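Trainee: Read off the chains here:
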Amino acid sequence: MGNAVKFIRLNMMIKLSRKESFIFSLFGNIIFFFLTYQLWHGIYAGDSGISSVLNFEAVILKLFLAMGLASFLNTNIEWFISRDILSGNIQKYLLIPEKFYNVKFFETIGTSICNLFSNTIPLFIFIFIKFKIELNLSFPLFLFSILISLIIIYNIDLIIGLTSFHTEAIWGISTIKTAIIAFLAGAVIPLEFLPLGFQNFLKYTPFEYIYQVPIKLLTSEANINEKMMMLLMQIICGLILTALAKIIFAHSVKKITINGG
Amino acid sequence: MIQLENVSKSFFIVKKAPGLGGSVKSLFVRNKETVEAVKKIDFTIADGEIVGLLGPNGAGKSTTIKMMTGILRCDHGRININGRDPFRERMKYTKDIGVVFGQRTQLWWELPVIESFDIIRKIYDVEMAEYNERLKLFDEMLGINQIIHKPVRNLSLGQRMLCDIAGAFLHNPRIAFLDEPTIGLDLNIKSKIRELILAMNKKFKTTIILTTHDISDIKALCERIIVIDKGSIIYDGNLSEISDLVGQNQEVGIYLENIENNQLLISAVQSEFAPDEVLDIDVREDYLNIRISNKITVSQLMGHILRNENIKDFTISEPDVEYVIRKVYAGELGNED
Chain P
19 MGNAVKFIRL
29 NMMIKLSRKE
39 SFIFSLFGNI
49 IFFFLTYQLW
59 HGIYAGDSGI
69 SSVLNFEAVI
79 LKLFLAMGLA
89 SFLNTNIEWF
99 ISRDILSGNI
109 QKYLLIPEKF
119 YNVKFFETIG
129 TSICNLFSNT
139 IPLFIFIFIK
149 FKIELNLSFP
159 LFLFSILISL
169 IIIYNIDLII
179 GLTSFHTEAI
189 WGISTIKTAI
199 IAFLAGAVIP
209 LEFLPLGFQN
219 FLKYTPFEYI
229 YQVPIKLLTS
239 EANINEKMMM
249 LLMQIICGLI
259 LTALAKIIFA
269 HSVKKITING
279 G
Chain B
73 MIQLENVSKS
83 FFIVKKAPGL
93 GGSVKSLFVR
103 NKETVEAVKK
113 IDFTIADGEI
123 VGLLGPNGAG
133 KSTTIKMMTG
143 ILRCDHGRIN
153 INGRDPFRER
163 MKYTKDIGVV
173 FGQRTQLWWE
183 LPVIESFDII
193 RKIYDVEMAE
203 YNERLKLFDE
213 MLGINQIIHK
223 PVRNLSLGQR
233 MLCDIAGAFL
243 HNPRIAFLDE
253 PTIGLDLNIK
263 SKIRELILAM
273 NKKFKTTIIL
283 TTHDISDIKA
293 LCERIIVIDK
303 GSIIYDGNLS
313 EISDLVGQNQ
323 EVGIYLENIE
333 NNQLLISAVQ
343 SEFAPDEVLD
353 IDVREDYLNI
363 RISNKITVSQ
373 LMGHILRNEN
383 IKDFTISEPD
393 VEYVIRKVYA
403 GELGNED
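For the protein sequence lines, the chains are P and B, in the order given. At the far end of the first sequence sits residue 279, using our numbering, and the numbering has no gaps. At the far end of the second sequence sits residue 409, using our numbering, and the numbering has no gaps.
A couple of the hints might just be wrong.
[Stated by the list, open to error] Reference excerpt, derived from the structure (chain B facing chain P, CB under 8 Å, subset only):
#, residue
1, Thr-141
2, Ile-143
3, Arg-160
4, Arg-162
5, Arg-176
6, Glu-182
7, Leu-183
8, Glu-187
9, Phe-241
These are computed hints drawn from the structure, not numbers from a lab. What you are looking at is a predicted structure, and each value in this text was computed from that prediction instead of being measured. Where a beta carbon is used, it is the ideal one built from N, C-alpha and C, also for glycine.
So here's chain B without its partners, still in its complex pose (with noise of 0.2 Å):
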């Protein structure tokens, strides 16, 4: 159980002028400012959960994940992981977790992998005939057996990741956290590392903390997700109904029979509803998409649409996710302190 109640964190930052003379100006006074990375967030994750912690860069992801690891300590507020708090117990905390961050690896840069592993299984006290039965299971998922009497530095970013993924799962920790896990990866090791993670969950019952930029690994593995933007939570809860985050908006898909005329449609449904109606337009293919919020209904653009233009085709749909983490991303969504 990840428990953590209204934690927050902070950090200085200094802050220089520009040039050499903010520089020589930098060796004397020193401006510091300070950043709230994360402020007084709350959540709760059972056992066996997947919880994706979604946010742009700099929203406040890697700071909670360091926080619940032990790396960091919150200024306030209350950890609790497991009947532990992670940063004051973390020797003991630490046996129970698996650690990847998708920048940096875990492992030992200028060893053979399988040396970083042996260690790795001397260190949280795993038994050989247990560490013999997972390095198979990584093989039969992962293919890992070709590259892990390489060096980790002569490996590709790919191999690195598979190594570091089957590292942080090789002691079966009750909690994993993913940090970008994916990053910078081809389909095909995203699909092994999915498929990993979701064994994990499944047959260990894994609790996983997953942070990425990409959206298709939430899709995939994910059925909560957290999105964290400027440092606070803005959503927690199912990925399915994440789309109540910008209201009881819809999607309405309009194939035109004559597609030139995409642009008079646009101005006249632009001339006849106002930006807080129909939120925007996007042009796609081979139709219009028009996302419309609450305060005017389908069939209200649909007769507009019909007294300006002949259509052959029409669709409604729910916002996707991936609408609404772009709003969340380019800061259009979310708190404003």
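For reference, chain P alone in the conformation it holds in the complex (with noise of 0.2 Å):
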């Protein structure tokens, strides 16, 4: 435990090390919330019709909750475990006492609360004042469930940034899980308008867990057992992404070679 707070404390010193970089990060999100604000906005003074499936207030609502998780979820552990890959920097990782994949963990929690004060806070607070969440049994399961997603995009991530022992380069693969998840897990638009039959679909996917079990954890009028089950089943997707990556990391280690020398 002692080595894990370690480890999160450095990887948030390295965060705050690049100051121009977290300004910048702050900036750029405050911008993408103002400008998705103004887009729907306009969606809805058009008067299209989308009103029967959602209303405005909730649409703005659950972007802005999926956004402020995407910006706290978002570490993209996967272009520093590449970059370490084909640099050969991994053979610093390599000879520590420390598993890899725990370390890595560490270093991805690090960067997510530095994510959470820089974006993830404020936005909340903002949200949880205009559309008056109150802080009921629900918020608990929410902050909970919020873990098991971080865990979920972990694995995601560490299973991208190992392809990088076979293929080389991850830019492509990369860039489609960026925009795979901001659109199926609910973070470009509400999955309420993607037709029925693909939204069943998504449920058996593990993008309804990133970010949409959190949001109908804190919002929708499910009771406690449905709640529960919810949870469960995010818990259990997370526990099979957490296999399969620790068995590709398993396998891809043997096949490493150091680049340059």
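Dock chain one against chain two, each of which comes alone in its own frame, and use the hints as you go.
Mentor: Structural data, given as structure tokens:
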């Protein structure tokens, strides 16, 4: 546990040492939220009949929650893993008596905590005040669910980063991942606007468990049993992806060649 | 104790045809070629030894070190270090080793050095008193206190290497693997690093495995060297006996009374003796250095020289380490497969 705190702290210090990137990220997100609000405001002002699916307030609430979660969960750890694999610097992680999987996870948490303060908390305070969200029993479930989301997205990122052992480049895969998660996890448009059959299909994919489960736990009218079931399914998804990522790592590390001598 | 038995390692490399056409073709057809980086090597290193791994670029030294550190898995053979398999038992094994790769840093690039040291202390369970004592020793020997509060990225190569070396010894490892630790460094920093390595070896009986292209490192630190060429060991023994690698050669230094006659003497020697008798002749500042094989004697050579020229003086010596290593690096020794 002590080492976990060390690695989390270390990565927070690294993130904070890149203060220009930190500040630009904050401003970039503010602009993104503003543009999203204006875009949907314009769509609803055109009155194209979409308010029968979801009203404007519900769309903004869902999108802002999803975008807030995305700003917390998107650590792009796959880029750093890929860079370390291709440059050979991965040896640094293999030469310390800590599991690579754990160290990278602690680093991800460090990055996410920085994201939390720079982006997510200010946005969530705004959302909670604007939409008058009550802090009832659902709130701790929501927080717990976010942690499971972090594990899910970390494992997806890790698997993509590890493909560098085989592909020597992940730009294409990573870009596709970002686009697919943003769209299929509901951070671009609320999933209610997708065809019903497709919405049902998504329930059997990990995308459902990244942003949608925490959002539903916070905002849906479901009873506590239904919410616990959602959480259980999310935990199962997290466990499956964890096992998969560890298997892929164990396989990949046997193929390792340290680039550059 | 380090034991390598019959250890081999191969890599696949993708061969691309040259030019844009080759690059486009490689999108569809990939020609893979197997490179045998290490071929059936065996050696044993006792606790507390300092051993130099020598060989030209691409000889297999770094691959051997990476297998010994547990980063790479050997394809064949067995590696047993302190009773552990480095690859399979990497987590436990790495507690006992310190590693420096001269071309990379083991420290966290963006952060002050002291933060990297602090996390090393934590993950290797170094007691605070021991940690402080070790930092004091490193400061006395390397003078690092002035630089450990700077981010690694702001350090010069020499400063960074001093900190990397200190980081590798911070947890008092039983074995230190140092892969080109003095590459690109000035004489002062090289000297500090060598002194620290010797001190660690003497005080804590740390086993040191060192690769370097700098012969002065080897002369200063190693009694035993292992020479690797084309993935195979071509010499494993005392540094002082490395001349055996080139046979019972001798070097004869000839100081002529009239230095302008150097070329005449070279012609005379070359016309009298075959190339496998007189191996080479170097024109040095004020003398000729003639290297002969064991097919002729020094007296035969001297007899011929004295019949042709008047000499001021002469010397006879064994071939030096640099000469032998230079021959290895030039591909003129070693296995031919």
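Trainee: Each hint: holds or not?
Mentor: Tested hints:
no., hint, verdict
1, Thr-141, "holds (6 Å)"
2, Ile-143, "holds (5 Å)"
3, Arg-160, "violated (11 Å)"
4, Arg-162, "holds (7 Å)"
5, Arg-176, "holds (6 Å)"
6, Glu-182, "holds (5 Å)"
7, Leu-183, "holds (6 Å)"
8, Glu-187, "holds (7 Å)"
9, Phe-241, "violated (14 Å)"
Going down the numbered hints, you'll see the structure goes against 3 and 9, while the others check out.
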